[in-house]
Amino acid sequence: MKAGSRIGSASASAGKWSDLSRRIASTLVLLAIGVLLATAQGVWLRLGMAVISAITFWELAAMTGWRKPARHVTRFGRSRAVALAALAGVAQAVALTEAHPLIWLALAVPLIAGVPGAARRDRLTYVLFGAAILLVAYGLVGFREAYGLPFVLWLMGIVIVSDTAGYFFGRMIGGPKFWPSLSPKKTWSGTIAGWVGATALGLVLWLTDHGDAALIWVSPLVCFAGQLGDIAESWLKRRAGVKDSSNLIPGHGGFMDRFDAVTGAVLATMLIGLLTSLPVVN
Numbered sequence: 064m065k066a067g068s069r070i071g072s073a074s075a076s077a078g079k080w081s082d083l084s085r086r087i088a089s090t091l092v093l094l095a096i097g098v099l100l101a102t103a104q105g106v107w108l109r110l111g112m113a114v115i116s117a118i119t120f121w122e123l124a125a126m127t128g129w130r131k132p133a134r135h136v137t138r139f140g141r142s143r144a145v146a147l148a149a150l151a152g153v154a155q156a157v158a159l160t161e162a163h164p165l166i167w168l169a170l171a172v173p174l175i176a177g178v179p180g181a182a183r184r185d186r187l188t189y190v191l192f193g194a195a196i197l198l199v200a201y202g203l204v205g206f207r208e209a210y211g212l213p214f215v216l217w218l219m220g221i222v223i224v225s226d227t228a229g230y231f232f233g234r235m236i237g238g239p240k241f242w243p244s245l246s247p248k249k250t251w252s253g254t255i256a257g258w259v260g261a262t263a264l265g266l267v268l269w270l271t272d273h274g275d276a277a278l279i280w281v282s283p284l285v286c287f288a289g290q291l292g293d294i295a296e297s298w299l300k301r302r303a304g305v306k307d308s309s310n311l312i313p314g315h316g317g318f319m320d321r322f323d324a325v326t327g328a329v330l331a332t333m334l335i336g337l338l339t340s341l342p343v344v345n
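First residue of the sequence shown: 64, per my numbering; consecutive thereafter.
Take these hints with a grain of salt, some might be off.
[As the list claims (entries may be wrong)] Below, computed lysine-lysine pairings styled on DSBU-like, alpha-carbon distance capped at 35 Å:
#1 300 to 248
#2 300 to 240
#3 240 to 306
#4 248 to 306
[What the hints assert, rightly or not] Restraint-style ranges between C-beta atoms, simulated for each label pair:
#5 145 to 263: 41 to 47 Å
#6 277 to 302: 32 to 38 Å
#7 238 to 103: 23 to 29 Å
#8 244 to 167: 34 to 40 Å
#9 182 to 272: 48 to 54 Å
#10 178 to 267: 23 to 29 Å
#11 272 to 175: 44 to 50 Å
#12 164 to 301: 36 to 42 Å
#13 182 to 239: 32 to 38 Å
Hints listed in this document are in silico derivations from the structure and should not be mistaken for laboratory results. For each residue, glycine too, the CB sits at the ideal point set by N, CA and C.
Between the sequences and the hints, there should be enough to build the whole structure, so can you do that?
Structure (structure tokens):
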């Protein structure tokens with residue numbers, strides 16, 4: 064084998080695993096959220112989720128307020144993003160701490176307030192992604208208090224197992240791309256590996272008497288929703304012309320980059336809860 068061929072092969076192999084550190088960062092962020100949900104209670108839990116909402120809302124506002132890359136952002140754009148983030152954080156905290164049945168309408172305030180400043184083509188995008196961010200934090204607190212910590216750990220576990228299995232099997236097996244125009248590295252083999260991993264987790268929980276048999280079919284559905292959340296955020300970044308949602312995590316992007324699959328998974332779980340009874344996790 065020629066030296067050039069060996070170098071090219073080595074470079075291709077290295078490139079295949081070039082974003083491994085990002086995957087590790089994602090897992091660490093999810094574990095940190097799990098620790099927050101495990102240790103914080105009452106007002107501290109609510110404030111913690113409000114802060115996460117504010118940070119991710121800041122990234123969303125930045126990506127939908129202009130069409131140039133982030134390094135070309137104007138001072139007005141930065142101020143708008145910070146103001147909307149603060150408004151979203153306050154609205155989330157109010158919605159989570161007040162007991163009035165209609166208080167969740169406070170979540171609509173940052174959505175409505177941000178529309179005039181969003182780029183014309185991104186106004187609907189801003190509202191949809193903003194609503195998702197706010198609903199996820201609201202849903203996580205609700206799951207933690209209504210179903211307990213094991214349920215939330217199962218939900219986070221689905222995302223971690225899916226991401227890990229999808230990454231390694233997708234890189235090792237390769238094959239056709241799942242959605243190349245939006246996520247060039249995501250393959251069908253990795254996507255299916257994520258479903259299998261999620262199903263296996265649900266099966267293990269059921270066989271060890273730590274959950275209902277319904278986890279076997281609910282887990283891959285939640286997994287798939289998480290994968291779609293990942294793709295949706297990839298679409299948003301491509302639309303905004305940026306590589307990462309922000310640089311808050313040096314070298315690893317922003318909170319939306321690490322929280323995208325959780326968003327899809329939580330929203331799907333909330334929908335399943337509306338349509339049927341959620342499975343019990345012990």
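To test your reading of the hints: which numbers does this structure violate?
7 and 10
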